[in-house]
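2 protein chains.
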Amino acid sequence: MTKENVQGAAEEEQQAQSKKGLKKQQKEAEKAAKKAEKQAKLAAEQQEADEDDFAKDRYGICPMVQSQQKLDRALVRVQDLTPEKAEQQIWVRARIHTSRAKGKQCFLVLRHQQFTVQALLAVGERASKQMVKFAANLTKESIIDVEAVVKKVEQKIESCSQQDVELHVERIFVISQSEARLPLQLEDAVRPEGEGDEEGRATVNQDTRLDNRVIDLRTTTSQAIFRLQSGVCQLFRDTLINKGFVEIQTPKIISAASEGGANVFTVSYFKTSAYLAQSPQLYKQMCICADFDKVFCVGPVFRAEDSNTHRHLTEFVGLDIEMAFNYHYHEVIDSITDTMVQIFKGLRDRFQTEIQTVNKQYPSEPFKFLEPTLRLEYKEAVAMLKAAGVEMGDEEDLSTPNEKLLGRLVKEKYDTDFYVLDKYPLAVRPFYTMPDPNNPKYSNSYDMFMRGEEILSGAQRVHDAQLLTERAMHHNIDLEKIKAYIDSFRYGAPPHAGGGIGLERVTMLYLGLHNVRQTSMFPRDPKRLTP
Amino acid sequence: MTKENVQGAAEEEQQAQSKKGLKKQQKEAEKAAKKAEKQAKLAAEQQEADEDDFAKDRYGICPMVQSQQKLDRALVRVQDLTPEKAEQQIWVRARIHTSRAKGKQCFLVLRHQQFTVQALLAVGERASKQMVKFAANLTKESIIDVEAVVKKVEQKIESCSQQDVELHVERIFVISQSEARLPLQLEDAVRPEGEGDEEGRATVNQDTRLDNRVIDLRTTTSQAIFRLQSGVCQLFRDTLINKGFVEIQTPKIISAASEGGANVFTVSYFKTSAYLAQSPQLYKQMCICADFDKVFCVGPVFRAEDSNTHRHLTEFVGLDIEMAFNYHYHEVIDSITDTMVQIFKGLRDRFQTEIQTVNKQYPSEPFKFLEPTLRLEYKEAVAMLKAAGVEMGDEEDLSTPNEKLLGRLVKEKYDTDFYVLDKYPLAVRPFYTMPDPNNPKYSNSYDMFMRGEEILSGAQRVHDAQLLTERAMHHNIDLEKIKAYIDSFRYGAPPHAGGGIGLERVTMLYLGLHNVRQTSMFPRDPKRLTP
Chain A
1 MTKENVQGAA EEEQQAQSKK GLKKQQKEAE KAAKKAEKQA KLAAEQQEAD EDDFAKDRYG
61 ICPMVQSQQK LDRALVRVQD LTPEKAEQQI WVRARIHTSR AKGKQCFLVL RHQQFTVQAL
121 LAVGERASKQ MVKFAANLTK ESIIDVEAVV KKVEQKIESC SQQDVELHVE RIFVISQSEA
181 RLPLQLEDAV RPEGEGDEEG RATVNQDTRL DNRVIDLRTT TSQAIFRLQS GVCQLFRDTL
241 INKGFVEIQT PKIISAASEG GANVFTVSYF KTSAYLAQSP QLYKQMCICA DFDKVFCVGP
301 VFRAEDSNTH RHLTEFVGLD IEMAFNYHYH EVIDSITDTM VQIFKGLRDR FQTEIQTVNK
361 QYPSEPFKFL EPTLRLEYKE AVAMLKAAGV EMGDEEDLST PNEKLLGRLV KEKYDTDFYV
421 LDKYPLAVRP FYTMPDPNNP KYSNSYDMFM RGEEILSGAQ RVHDAQLLTE RAMHHNIDLE
481 KIKAYIDSFR YGAPPHAGGG IGLERVTMLY LGLHNVRQTS MFPRDPKRLT P
Chain B
1 MTKENVQGAA EEEQQAQSKK GLKKQQKEAE KAAKKAEKQA KLAAEQQEAD EDDFAKDRYG
61 ICPMVQSQQK LDRALVRVQD LTPEKAEQQI WVRARIHTSR AKGKQCFLVL RHQQFTVQAL
121 LAVGERASKQ MVKFAANLTK ESIIDVEAVV KKVEQKIESC SQQDVELHVE RIFVISQSEA
181 RLPLQLEDAV RPEGEGDEEG RATVNQDTRL DNRVIDLRTT TSQAIFRLQS GVCQLFRDTL
241 INKGFVEIQT PKIISAASEG GANVFTVSYF KTSAYLAQSP QLYKQMCICA DFDKVFCVGP
301 VFRAEDSNTH RHLTEFVGLD IEMAFNYHYH EVIDSITDTM VQIFKGLRDR FQTEIQTVNK
361 QYPSEPFKFL EPTLRLEYKE AVAMLKAAGV EMGDEEDLST PNEKLLGRLV KEKYDTDFYV
421 LDKYPLAVRP FYTMPDPNNP KYSNSYDMFM RGEEILSGAQ RVHDAQLLTE RAMHHNIDLE
481 KIKAYIDSFR YGAPPHAGGG IGLERVTMLY LGLHNVRQTS MFPRDPKRLT P
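Here the protein sequences line up with chains A and B, keeping their order. Residue numbers for the first sequence follow the numbering used here, beginning at 1 and rising by one. Residue numbers for the second sequence follow the numbering used here, beginning at 1 and rising by one.
These are calculated hints, taken from the structure and not from any lab test. Check each hint, because a few of them may be wrong.
Okay, derived cross-link-like pairs now, DSS-like style, lysine-lysine, Cα gap no bigger than 25 angstroms in a straight line [stated by the list, open to error]: (1) A:Lys483 <-> B:Lys483; (2) B:Lys70 <-> A:Lys34; (3) B:Lys23 <-> A:Lys481; (4) A:Lys38 <-> B:Lys31; (5) B:Lys70 <-> A:Lys423.
Chain A with its partners taken away, still in its complex shape:
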């Protein structure tokens, strides 16, 4: 093509594209216009009705909250609506969870987070016919402000979290309207699995949940799961800070794959390319070599594994620990297991409401743990498995089914859902794992398990540049690529050990859930990148 032709073609393409864009924008504009028209119609109807409505100032749709004014009005939270507040006149902001009109009355269930309360509008002195009709027509999930009197009730309201009171509504204003057609129903989304099938009621499948995560996260179950998960992070950090650990921030964009070249995502980095860190491993070790002694970090780790299982994500949150020790890596195991025990205790003592809320939908046994934590050697585990009829070699890695079986055997024998498996075969661990001084086939490495699934992998690391070089060569790792890492051990390095915990797995297994996507707000797997 001549230069002009090329330019012509480019222009045409551009025009085609902008036409397409224009069409889309026109469509959107039409939609908006229709909506505006509909709203105008509603407003007109309302105005008409208003004329003979004594309560017309007691309800309506507020203009969008644009910070027009600083209103000096206290809002009471739904969870704080208890008999102590009886006969008080209060304001509440909540969502309309359900709405049911019945003659001259309208019953609403108002919801805020995990908490619900019944609200009543009745035609009478404080509410007109039009006002009750207005309330009855509000769409589910709309956010409203109501002024109401708190009333004690004779009979407990079983369907609400606030069972001893109801609200007698005197004013009702819409803060944010929901579209009428919800992509999923919250009642369906919290129905226990199986119950739906039996009674012919709907449950919501996982993809629908995840596609409409903003709605799915509003369920009592999701609210409880992620509040508890926030607690896991807090307990993890508070325990470690009390032990003298320092929080570090490690880079996620790195120049060489931290755990070998497989399963790593590539990033375009200006004129070159880089990788996403598969773990903070090398960096937390460098911090140990830099005298921080005890470090932790909480952050995303990335694995380009094409595995679509219940427990794999391509991006998850790592709770990472690394610690210099004096003479034996069991000092570090003790620190980590104590941290886990503090987390378990903290969850048990501070998050009982959340645990019970999740159990309603997903029943499970309370999580059991021992003090001190049970520590088994790999050899013992293999012996237990063999005694149970499993055929495997002494230095073979554990398959996922064997891990689960082992979990059941350990639970039967020791009555614990949490234990450490120590002294893994050297061959199945990464190159930086310290070999066992007494048996070169084994190593100073360990995994930790919750309900039979691995939640932490860790080890004493090789802190000697020469041995590290040898081990890397043995694993056919390109020494050039890990030069900075190996060099960090050349100028005096304390013996150290550590481990990495998967946050989503801890939450899942503590609560006895069965899919890690339930404990990741916006999960990423080979097939899911949105929302």
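Model the placement of chain B on the given structure of chain A, informed by the hints.
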């Protein structure tokens, strides 16, 4: 080529590559062999010397700590060596900071983190000539265990952090040896800028520091900076958790650029491609739409900006807040400024040692703040700048020099290093910013400044799907790409506001430092991807 030829070529290439690999490995092996030889020679020499050495069991090089035994030996930390321990016999693990032989004596300065103590070996009853010589020959930065008696000193030891005691060493064993030639000297790395030039002493430039970050992080200054930074994170979270916030984890791999298409890194994601999140913006807002009400997250954010300034990184740590409010976004500003004030107070009260340590190398004025925090409107700021002779339009964005000048003007007038600038012109803010209800040229948005530099950018967000669509169209944003985001506002959304804080900037500006690379452990910029 025929199939065989192709295969042949591939094999040749493979052979060439493995030859190259082999050569490298041979070289490494030779190196290792040389090192082993040298060590054998040293051992032989030592053995020879041992024969007439009464102290031969009192010093030496320990075998690599491989967790051979659980030693029941308490190690005292250098920072705990005070006159209360005088005359006690203790064990200490530390690095050799400096070493100086003088006749029959050897003076060591031992260092652990920010703390140093003097240690003395003298030929006599407890130490032989050979033992003192051994100590004198140890390389700087080696890690040693010493058994010693703590002795009070008559005259303060000015060069050490522990000024009132010294250690009289009775046993000395090397735990990890440093190579003799350090890539940089720690004394040089803590020397105040300028002092080097005057006295002809060396200082260390930034690239050398960053290239050898493991050594540079050992300096008292670095130790202090990153301990304080860990404190910033802790104070940030503790304050917010006390206020009822929930910690969330948002995905970093996303399917559409969160803040528009520019400045975004691309990731290969299996058979498709994805982006690295430029902020958790969309996700924290979705959490608000999902009823979490008050959320925060701490995590990496990625900006593919090719700017090589003192305050830009391509990867930094975001401290992000998002919060539903009742009637006015100033409720959120008040929450954020109170959080910042709690951080400033916590640092001032708990990290005074760290602040003073950093000040020794980088002097700066103590950080000043007011309660309540000063809030200025953008219009007032423009007026102040104009009064100071700056020519600018009323709705023009602030340039970096103008921000700095404004910081100085505010400091002069109000005596504070921290303030909020409210009501930015709408045109200079992202599409999701809520317009000012009283003046369409302005918006409900704000920045926060420390020592005249921006550390937070935030706003009330548009929580209405229709207005959001209009604003996105106005900014020529492809609606298809942000569909999931806009859809999250269709089912009832509370009014909300928030902001994102740059962790490294907060640390830098609080301490009065001048480059954000000083407060990032392993900084990433367009030119730096390692270590």
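Task: 25 angstroms limit on alpha-carbon distance, applied to hinted pair B:Lys23 and A:Lys481 - done: holds (16 angstroms)
Open item on the list: What's the verdict on A:Lys483 and B:Lys483, does the C-alpha distance respect the 25 angstroms limit or exceed it?
Closed with: violated (45 angstroms)
- [ ] Would you mind confirming whether the straight-line C-alpha gap from B:Lys70 to A:Lys34 stays at or under 25 angstroms?
- [x] Violated: B:Lys70 and A:Lys34 sit about 77 angstroms apart, past 25 angstroms.
Task: Straight-line alpha-carbon gap B:Lys70 to A:Lys423, limit 25 angstroms - done: holds (16 angstroms)
Task: Pairwise hint evaluation, B:Lys31 against A:Lys38, where the allowed Cα distance is 25 angstroms at most - done: Distance ~82 angstroms between A:Lys38 and B:Lys31 Cα, so the pair is violated.
Violation of the numbered hints given earlier is confined to hints 1, 2 and 4; the remaining hints are satisfied by the structure.
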